[in-house]
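In case you want the letters, here they are:
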Amino acid sequence: MNTLTAKKPATSLNLKWLKLAPITVIVLLAVLSPVLGTFDPERVVADPSLSPDGDHFFGTDPSGMDIYSRVLAAAGRNLLIATGAVVLTSIVALAVGLLTGMNESRSGIRAYLARGASRVLDLFDAVPAIIVAMVFVALYGVSPTTLVVSIAIIMVPAQARLVRTEVLRIRGEGYVDAARMSGEGEFTVLVREVAPNASWPIIENASYVFGVAVILTAALGFLGIGLPPPTPEWGSMISRGASDAAVGRWWSALFPALALSLTVGSVALASSLIRTRR
Amino acid sequence: MRARRTLATLAVAALALTACGGSSEAGDDGLDPESVVIVGAAQPATFAYDAGGGGAYEIIEFVINNGATLIRYPYVEGSGGAMEQDSADFEGVLAESYDVSEDGRTFTFHLREGVVSQQGNPLTAEDVRWSFERKFNTEGSSTKAIMAPGLTDPATQIQVIDDSTVSFTLPEAGYGQTFLGNLTVLISQIYDSTYLLENATPEDPYAVEWSRSNANFGFGAYELTEFTPGEEMVMEANPDYALGEPAVKTIDYRVSQDPGTRANLLRNGDVDIAEELLPADQVDLSDEGVISLPDVKTNNLNTIQLVSNKAPFDNQAVRQAFTHAIPYQQIIDTVYRGRAERQTGLLPTTQPGYDDTGLEEYTYDPALAKQMLTDAGFPDGVTFTLTVSNAVPDLQETAVQIQSFAADAGFTVEIREVPPAEVLTGRRDGTFEAYLLRQQLINLAPFYVLDIWFKSAPTSNVSQFFSPEYRALIEGGSLIPDQYGPEANTVWNTAQQFLVDQAPVVPIAAVSPLSGFAERMDGYAWRTDNVLDYSLLTAE
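Those protein sequence lines, which keep their order, are chains A and B.
Using my numbering, read the first sequence as starting at 1 and increasing by one per residue.
Using my numbering, read the second sequence as starting at 1 and increasing by one per residue.
Calculated directly from the structure, the hints in this document are not laboratory data.
Hints are supplied without guarantee of correctness; some may be wrong.
[As the list claims (entries may be wrong)] Facing chain A, according to a computed beta carbon distance under 7 Å, are these residues of chain B, among others:
id	residue
1	35
2	260
3	263
4	265
5	397
[To be verified] Over 12 Å on every C-beta distance to chain A, these chain B residues come out as not near it, computed from the model:
id	residue
6	163
7	244
8	262
9	393
10	401
11	418
12	429
In this text the structure is predicted, and so the values were computed from the model without any measurement.
Even glycine gets a Cβ: it sits at the ideal position worked out from N, Cα and C.
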């Protein structure tokens, strides 16, 4: 058999797309949670701490709320916060990365500002993420918006640094010089030539930001400073269920913990596909 | 050589066996009846309770076992089988007896002979005088507010008669019951003034700062001998304790923040007593036959404080409507698994001559609540924030029940869980709209109970309810010499009816003790401060 001319089987390509299946299923479950949920996720609907059965698939929590309905409802909320964080982080990181990358080796006030911005990014990066989030939430209160903003503050430095590094490489490329020589203004060069080519790293890294956002939201909930109870949220559900698990009522914490693990794992799987395709 | 090695091996084996065998005092199961292991949620953050010690369980428990008061409420057999304190009577601890003058205003205490502090200094009347001088001159102390109006100026009201006699003179005879009740409370502990003055400095003349982190400056039943922050502390019985050396000589107090873990330690036999358990875990362990639970009615009262100087609860009709939006029985059944009791007023129903005429229990009636809201001009309902401490799991659960069931009554409840430090500042600054509070009033004298939550001090008056009519009523009652007589009980009944109607504070339920005891333990007694008196414990 001539291996040089052998074609890759068609099924190989299709199997690669299967990496998207888990996260697709999770997103679908989150979107359909109002339909798939069997009880109001924020109301006491039964006796407390019932073990899983035909009425309550995942049992009930210590308050008597249906864990299955709450895990589904929490999926929508956690994924929405993570998506918001990814979008905000990407926009801000792209802007900051472009401005610092294009200006910091020049002279004048813009260069000083760019270099100053770089040092501010370093400063933010030096503080542990969870501390930044806790301080922000303490100052501005807890809501989905403040969670999105606090996660963005945490993630922007790393993302902006990726863009800046890419800009430093691109700005000396021939096609950028050619665009300038053809009369394009600096802003047009930035938007049409540099930005599209420098944004790849943050798109690749978006899945990482998404995963971190899901974990951070849950971590704040676990620490008791997340969304107010009884808002369905995986971290606070795990936190409230942990004490139950210690005395044998395992279901309160297990199902939200599984949901969190599967979501983060699914995002990691999907991101490997994006990296492979580049 | 070989024989010598064999002998050495046998000797080591014999030593090991001896060590495994424990002391000669050990019971049949190898457990030492003179040593008890307790697991609690935290260690005391300070040893100086009179310097803003707060109301945390672990602080109160440590302080009442490490220090002592002149008198206490006596322990009597309770209706549920457990011993409990009789809040209408008093017995001596550091004082052997006390006399009351004919006009009922002067109380003369005769101190026990031969009582020495944990540092070996004898108890004197000067210790009593100096202790109150310190409490009244310590910044952050609640003593002044609590002792008023009976004791307001120790310098003129306390007189040292001789080394073992000291008197207190009150402005009114009617204040006597409340005053004596206050003397049973931990803010009235007597300190070893000789020892504290040895550690005083010009900047810290009463050694307040020093005593925040140094224990054993009193005359208590136990002395702190080891303290490992965040992990463990060991207390040894004081052989010179005024009421005799306790039966349990060593208390090994360990810390585990998680209530489930504490329950598991008790289930596995790793500890003898677990404190601050979740009621669900208590009931499960009891059903398994692992532990015994004390059955006693307490004053550990869960309330909702409706802050009456800001919307929406500045409207009496809204407050009244909300009393019908709370699922009282659901909370007792679900959160407390039946280990709590409804309470209508603030006073204990067991007090002598208690009069419950006209005191109607609040009921959960969402349709009525909705109608009352509509009549009050809120047809679309009312939204408010309910604040709760994130350090009290059963209160957090209670908040969730209220949020869920009050929705049917037209109340949208937003729960805000805050750390204990924020609770203190919120109470002080009056920033809450409604606050879920569990508090036991240690002094159960009627005037004290009806007064303390409605004083001018915002820290205790969480509901910010100031009513001249109410104050005139209870202050009139405070002057009646017999505080449990028919005349006084009529006043207390009128005051309670006034509170039920105004509804600034809504009692939900009195919670049963949250501790669990291994079968080998005995000697539990309910105290009005709801903590454990180690000196009464016995172990098999």
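Taking the hints in turn, this is what the structure says about them:
1. Given the 7 Å rule on beta carbons, the hint for residue 35(B) is violated: about 26 Å separates it from the nearest Cβ of chain A.
2. Against a cut-off of 7 Å between C-beta atoms, the interface hint on residue 260(B) holds, since the closest Cβ of chain A lies about 3 Å away.
3. Below 7 Å, beta-carbon pairs count as interface contacts, and residue 263(B) has one with chain A at about 5 Å; its hint therefore holds.
4. Against a cut-off of 7 Å between C-beta atoms, the interface hint on residue 265(B) is violated, since the closest Cβ of chain A lies about 10 Å away.
5. The criterion of a C-beta within 7 Å of any C-beta in chain A is met by residue 397(B), whose closest approach is roughly 6 Å, and the hint holds.
6. With a minimum CB-CB distance of about 53 Å to chain A, residue 163(B) clears the 12 Å threshold, and the non-interface call stands.
7. For residue 244(B), the shortest C-beta to C-beta distance to chain A comes to about 38 Å, beyond the 12 Å cut-off, and the non-interface label holds.
8. For residue 262(B), the requirement that its beta carbon stay farther than 12 Å from each beta carbon of chain A is not met, with the minimum near 9 Å.
9. A beta-carbon of chain A is positioned within 12 Å of the beta-carbon of residue 393(B); the least distance is around 7 Å.
10. The Cβ of residue 401(B) does not lie farther than 12 Å from every Cβ of chain A; its closest approach is about 6 Å, which violates its non-interface assignment.
11. Not every beta carbon of chain A lies more than 12 Å from that of residue 418(B), the smallest distance being close to 9 Å; the non-interface claim is violated.
12. Here residue 429(B) stays apart from chain A, with its beta-carbon at least about 17 Å from theirs, past the 12 Å limit.
Violated hints, in rising order: 1, 4, 8, 9, 10, 11; the structure is consistent with all others.
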